[in-house]
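> Residue numbers (my numbering), protein chains in the order written: chain A, 1 to 509; chain B, 510 to 1018.
Hints may contain errors.
Taking CB as the label site, the calculated pair distances span [to be verified]:
1) A:S382 to B:G799: 57 to 63 angstroms
2) B:P786 to A:S406: 38 to 44 angstroms
3) B:A614 to A:P37: 28 to 34 angstroms
4) A:E42 to B:A518: 48 to 54 angstroms
5) A:E42 to B:S834: 35 to 41 angstroms
PhoX-like cross-link-like pairs, simulated, lysine-lysine; straight-line CA separation at most 25 angstroms [claimed, not checked]:
6) B:K696 to B:K1011
7) B:K1011 to B:K851
8) A:K46 to B:K617
9) A:K395 to A:K443
10) B:K851 to B:K785
11) B:K785 to A:K276
12) A:K210 to B:K719
13) B:K851 to B:K719
14) B:K555 to A:K276
15) A:K38 to B:K785
16) B:K555 to A:K46
17) A:K38 to B:K719
Because the hints were derived from the structure by calculation, they are not lab data.
In this text, all values refer to a predicted model and were calculated from it rather than measured experimentally.
Glycine included, every Cβ here is placed at the ideal spot set by N, Cα and C.
Number of protein chains: 2
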Amino acid sequence: MTNANSPLALVRSTIAEANDLLCSVNLLTWDARTQMPKAGAEARGKMLATLTRIVRHQLTSDEFAERLARAEEGAVGEVAAELAQIREGTDVLRRIPARLLSDIAELKARAGETWQAARRNNDFGSFAPDLERMVGLNRELAAAIGFDEHPYDALVGSYEPGMTSARLATLFEELRGGILPLLAAVKERGAEPDTSFLSQRDYPITSQLKAAEQFASLVGYDLERGRIDRSVHPFEISFTRDDVRITTRFNPNWMPMSLFGALHEAGHALYEQGVKPDYARTVFTTDLVGLYAVAGTSYGTHESQSRLWENLVGRDASFWRAHYSALQAIYPAQLEGIGIDKFVRAVNAVRPGFIRVEADELTYNLHIMLRVELEMALMDGSLAVTDIPEAWNEKTREYLGLEVPSNADGCLQDIHWSTGLIGAFSTYTIGNVMSVQWLEAAKRQDPNVAPALERGDVAPLRTWLQENVYQHGRRYSPDELLVRATGQSLTAAPYLDYLARKYRELYAI
Amino acid sequence: MTNANSPLALVRSTIAEANDLLCSVNLLTWDARTQMPKAGAEARGKMLATLTRIVRHQLTSDEFAERLARAEEGAVGEVAAELAQIREGTDVLRRIPARLLSDIAELKARAGETWQAARRNNDFGSFAPDLERMVGLNRELAAAIGFDEHPYDALVGSYEPGMTSARLATLFEELRGGILPLLAAVKERGAEPDTSFLSQRDYPITSQLKAAEQFASLVGYDLERGRIDRSVHPFEISFTRDDVRITTRFNPNWMPMSLFGALHEAGHALYEQGVKPDYARTVFTTDLVGLYAVAGTSYGTHESQSRLWENLVGRDASFWRAHYSALQAIYPAQLEGIGIDKFVRAVNAVRPGFIRVEADELTYNLHIMLRVELEMALMDGSLAVTDIPEAWNEKTREYLGLEVPSNADGCLQDIHWSTGLIGAFSTYTIGNVMSVQWLEAAKRQDPNVAPALERGDVAPLRTWLQENVYQHGRRYSPDELLVRATGQSLTAAPYLDYLARKYRELYAI
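Please construct the entire structure, taking both the sequences and the accompanying hints into account.
Shown next, in the form of structure tokens:
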């Protein structure tokens, strides 16, 4: 093991190189979204493709497979776990034909434009052929990866190892059972909070940036190992734990967008910044299937952290009782005469709408279920692409009680399907559900967590998360991590309890 | 040739991948110098090392050598020229042992710190052992690359193909023959221009950035395919012709730094932005020896463009007669009451000093000669490292008429040697000399160039340079390019004439 030419050392060095290349891919991506002049897009696409191709080539080479097999001989304990994870990831990679990936990449380049035009013209028919082909390629992909019960399982498993359509169906049913009556009660109550002071006053971008930095730091985001920029779609991205960047978007007439966007991305960043230093450039910070340098163990687990900090902490009344004066110091004129209660009600207003990315915390998951159920049906062939608009509109009626006015505001609203991302949507809801399990476990296990949060002190919570989630990177699967720390697999009840408590109080139901 | 698996196609695809990787290296470098949080440095170093190692590995593999040999069979015309260049570059690469490169890289990491401490403490002795080892490794490198007459030739040839110590010795002698008497005359004249308005008035950074953008655009830098940032040391860097970025530095109390810095880097950028689109991802935009994605055919040729736009155009009275009002509009209070002549004299003030990077146009080359002559002597063993301070101080006395007060202001002032860069200094002077050859040829060949410049219109000059220099990328060696366009190899006379004309007029000698 001390020998640099041992099979284990050589396997590790290939993984380290893959991580270096994928961190470089992340930087090329960050730059493309925040700094690059538009004209650079074509060349950037080629650079990204080359780097990814080299990683895939190295990880799927016969030479690497032989070394891995030799390294596995007699490996035990942590080393065996490390190699098992490398084996699992590269086995999946090897099953996916290069031809299929280049077909998907080619279609993506075209479908993005087709989708944009279709949305602009409210013309689903012009996008349908590309989407049909994308569904077909995703079915091929699922077959190549392999699955036991449902082709969707192969896809969702790439984002959320261990998740299946059957588990999601049960989860969704439970969630609907709690959310729909609650939503009905909120609507019946009819008490729309006043949010005009957030939209009708001028919030200068410079102040918003200051607030984003201040509140992201407050929850623990280390700006010495990161930075905040502006982008069209907010995101977090990392190049090892020592350089983890976030972006937010600034709307001068809707201040919460940047504030809660920053808390959301800071939650992602805490996860990446918190991974054990020893895990740098190992499989425990490398997604070998998604070919992505990331410390979070799954998309859902990652989202559980962004949602925890954005919603469970950041939209909670106790947080603002402690920190509202700091926000008022940044926006003295804009928040003059606005009390804490009014502010908290405004940033938690429930307003069922058509658009997922504008949805409130209570209705958000309904948007996700709708999409995931259609995806499953597309994958098993029980739904034809041409029937999507009708199915979409029907589910919107059923879940949200709304009539979709046009496909542009309906099934054409999200970019995801045009980019070939089938299977990722569900992780948003998984993250929501999981976020409450973490918070409840932290409160149970460390009696300081709850009283500290009441005072606006997030340190004990963050320490618990660091210990139980962040430091482990990808060492454990999402289920393992959750069971180790909370004693339970993913389960809807705590999340539903949280929603009920929260909205019954806010809306005095 | 239309077959994607032909040896030629495979060779080209390896070069294209190398270019993609090296463009990625450039982006990692740009980010490290302009955006990266300091904590990211260690991981960044690993990413850079991995990408460079992969390029080197691919270009020096036996598989690539076999394909190249097969592609060369029967190749003629442009294809033969392309392959010859690939052959030449990769042959040099193959001759350099990996062990030597890792020794140099390891020493670099240490020597940078040793040098910084030595400069801080004004203690050459503490840097001498690392420098001695660096000289030793560079002699090994020269031996590996190979040379006919002088070990320095192997090193300078990596930056400036075709250049040798013998050619430089002749050039330097000619230059000194012209510059030293001119400098003596300027000193004797004793008319120090007033520059206080450039240093003692407040030039806000935002205005300086505006000026940098405006004047860089004015000479033709396309900001749609680039951007300007701030960095400690200004530089230009490209990721294909469609994304060419420059940086400058801003000193609120020395406005010319950012203004002429921007013109200098814009000159570099014009070269990169002007290369033929067909040359993207080919050997004609890839330095296979330096492992650097760059369109300019040599360091000296590149520098000839930055100096041409900064000095020959940007410091010329006619340029300011046309554009001074635009600068005054940016700095209305600061330049109030300062006439064009006063401004032009101030930005062309001659002030012999110890520090190369602060040197004026007339004395700059003396700083270079001093360094290059010491480098040559170190390489052939006629100078011992321990004797550097004495030799440095003696040459400073001889060339600049100054007594060096301390090694920190003398032989320890530049970072270059600590980073292993021996051989690069000379290209600054080569660029100066070459810049006048281009300008004179443009004026001779296109009668519109000179009258347009008199009016402040740089378009005809830029068009000539685009046609004769920029579009060709690395297709021709520096000598070929120069002879094709101007009819002459590198020659000192036009540059000396230019200096004499300029300073005799400015100083009324």
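> Each of the hints needs a verdict: does it hold here or not?
Verification of the hints:
1. A:S382 to B:G799: 57 to 63 angstroms: 59 angstroms Cβ-Cβ, so the 57 to 63 angstroms window holds.
2. B:P786 to A:S406: 38 to 44 angstroms: The hinted range 38 to 44 angstroms holds for P786 of chain B and S406 of chain A, with Cβ atoms some 41 angstroms apart.
3. B:A614 to A:P37: 28 to 34 angstroms: For A614 of chain B and P37 of chain A the Cβ distance comes to about 32 angstroms; the hint holds.
4. A:E42 to B:A518: 48 to 54 angstroms: 20 angstroms, violated
5. A:E42 to B:S834: 35 to 41 angstroms: 39 angstroms, holds
6. B:K696 to B:K1011: 15 angstroms, holds
7. B:K1011 to B:K851: 15 angstroms, holds
8. A:K46 to B:K617: 32 angstroms, violated
9. A:K395 to A:K443: Measuring from Cα to Cα gives roughly 37 angstroms; hence the hint is violated.
10. B:K851 to B:K785: 41 angstroms, violated
11. B:K785 to A:K276: 47 angstroms, violated
12. A:K210 to B:K719: At roughly 24 angstroms apart (the allowed maximum being 25 angstroms), K719 of chain B and K210 of chain A satisfy the hint.
13. B:K851 to B:K719: Holds. K851 of chain B to K719 of chain B sits at ~23 angstroms (cutoff 25 angstroms).
14. B:K555 to A:K276: Roughly 18 angstroms separates the two Cα atoms, so the pair holds.
15. A:K38 to B:K785: 19 angstroms, holds
16. B:K555 to A:K46: 22 angstroms, holds
17. A:K38 to B:K719: Distance of about 21 angstroms is within 25 angstroms: holds.
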